[in-house]
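Asker: Chains as they are written, first to last, in my numbering: chain A, 1 to 108; chain B, 1 to 216.
Just so you know, not all the hints are guaranteed correct.
What the hints assert, rightly or not - Here are some, though not all, of the chain B residues that point toward chain A, as calculated from beta-carbon distances under 8 angstroms: (1) Phe157; (2) Ala171; (3) Gly197.
Hints were generated in silico from the structure; no laboratory data involved. All of these numbers come straight from a predicted model, not from anything done at the bench. Even for Gly, the Cβ is constructed at its ideal location relative to N, Cα and C.
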Amino acid sequence: MSSNYIWAAIVGMWVANFAIRFIPVAVVSRMDLPEPVMRWLRYVPVSVMGSLIALEVLRPGGEYQAPWNGAHLPAALVSMATYYYTKSFMGASVAGVVAFIVLRGFIG
Amino acid sequence: MPIFLGYLPVGMAFGVLARTLGFTVLQSVICSATALAGAGQFIALNIMKTGASVFAVLAATTVVNLRYVLFAATLSPHLRKTPLPLQAVLAYSLTDETFAINMADQRAGTSTDASMVGVGLISLIGWVTGTLVGATLSGFIGDPTSWGLDFAMPAMFAALLIALAENRRQALIGGVAGAFALALPLLEASGITLGTGWIIIISSMVAATIGAVTDR
Numbered sequence: 001m002s003s004n005y006i007w008a009a010i011v012g013m014w015v016a017n018f019a020i021r022f023i024p025v026a027v028v029s030r031m032d033l034p035e036p037v038m039r040w041l042r043y044v045p046v047s048v049m050g051s052l053i054a055l056e057v058l059r060p061g062g063e064y065q066a067p068w069n070g071a072h073l074p075a076a077l078v079s080m081a082t083y084y085y086t087k088s089f090m091g092a093s094v095a096g097v098v099a100f101i102v103l104r105g106f107i108g
Numbered sequence: 001m002p003i004f005l006g007y008l009p010v011g012m013a014f015g016v017l018a019r020t021l022g023f024t025v026l027q028s029v030i031c032s033a034t035a036l037a038g039a040g041q042f043i044a045l046n047i048m049k050t051g052a053s054v055f056a057v058l059a060a061t062t063v064v065n066l067r068y069v070l071f072a073a074t075l076s077p078h079l080r081k082t083p084l085p086l087q088a089v090l091a092y093s094l095t096d097e098t099f100a101i102n103m104a105d106q107r108a109g110t111s112t113d114a115s116m117v118g119v120g121l122i123s124l125i126g127w128v129t130g131t132l133v134g135a136t137l138s139g140f141i142g143d144p145t146s147w148g149l150d151f152a153m154p155a156m157f158a159a160l161l162i163a164l165a166e167n168r169r170q171a172l173i174g175g176v177a178g179a180f181a182l183a184l185p186l187l188e189a190s191g192i193t194l195g196t197g198w199i200i201i202i203s204s205m206v207a208a209t210i211g212a213v214t215d216r
């Protein structure tokens, strides 16, 4: 892998990743969005998070994993429950990781 | 603090992986500091490994991170009074975690421009520090994901979903989105192969539409 190739990829990723974040902010924040669009946008955050977690937990590494076959799902539930009761991201993350490591020791 | 700790191990994993592919320590760190793209960077490494063109690498990282367009659009109505240079800073530091935390703060009424910049800065520092540590120590620590610390990210996502759901209906839509995300790879049987980036975008948009249409 040549150094020029790596630098080109780094600069390109910088530009690409900034553009897809900045252009929508710059444009949309200057518009008045109609109510139906606002309502739709209210459901976007939970939808993206739901998709991300489902894939991380039930399709880790791009392969389907039965929920009883790995530590991912129970550990995620531990994290969710911890956040629900403590409202602490710190506590939820730590609890999730600890649960993951412990459970993995049992069920692999 | 949790956002910092969540980024550290994943940043380390990126640092280790980048070094094994021939990045220098400097290149690994600069890549993390400029792209700040999490999954997008891992995908890029995977594709670079195959010797693909720079264009293919960029296309992949863009598709994986297209969800940022949705995030940016969702955040925008809250940024109307924010000056353009500051919008650029916030856009730069927009990630899954910073978005979710800022939205949660927004709902709690505690979000300000300063707090959003702070959240962005902490993630950037965590991600870059992790990359630096991973890249520097790549010869000694092996694969940090084998310790189980890589679960910090999903654990954080799980907590964020709970934080973001304002009511039962929203939580339900999050579940619907997850079900779509898990069903979409099945299309492979009919010859349609979707990358993870597209799966997340399609399932999110479909679920959000169901949520908006049924919300009366």
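Asker: If a hint holds in the structure, say so; if it doesn't, say that too.
Answerer: Hints and how they fare:
1. Phe157: Status holds, d = 5 angstroms.
2. Ala171: Ala171 (chain B) check passes; min Cβ-Cβ to chain A is 7 angstroms, inside 8 angstroms.
3. Gly197: violated (11 angstroms)
Against the hints set out earlier in the document, a violation occurs for number 3 only.
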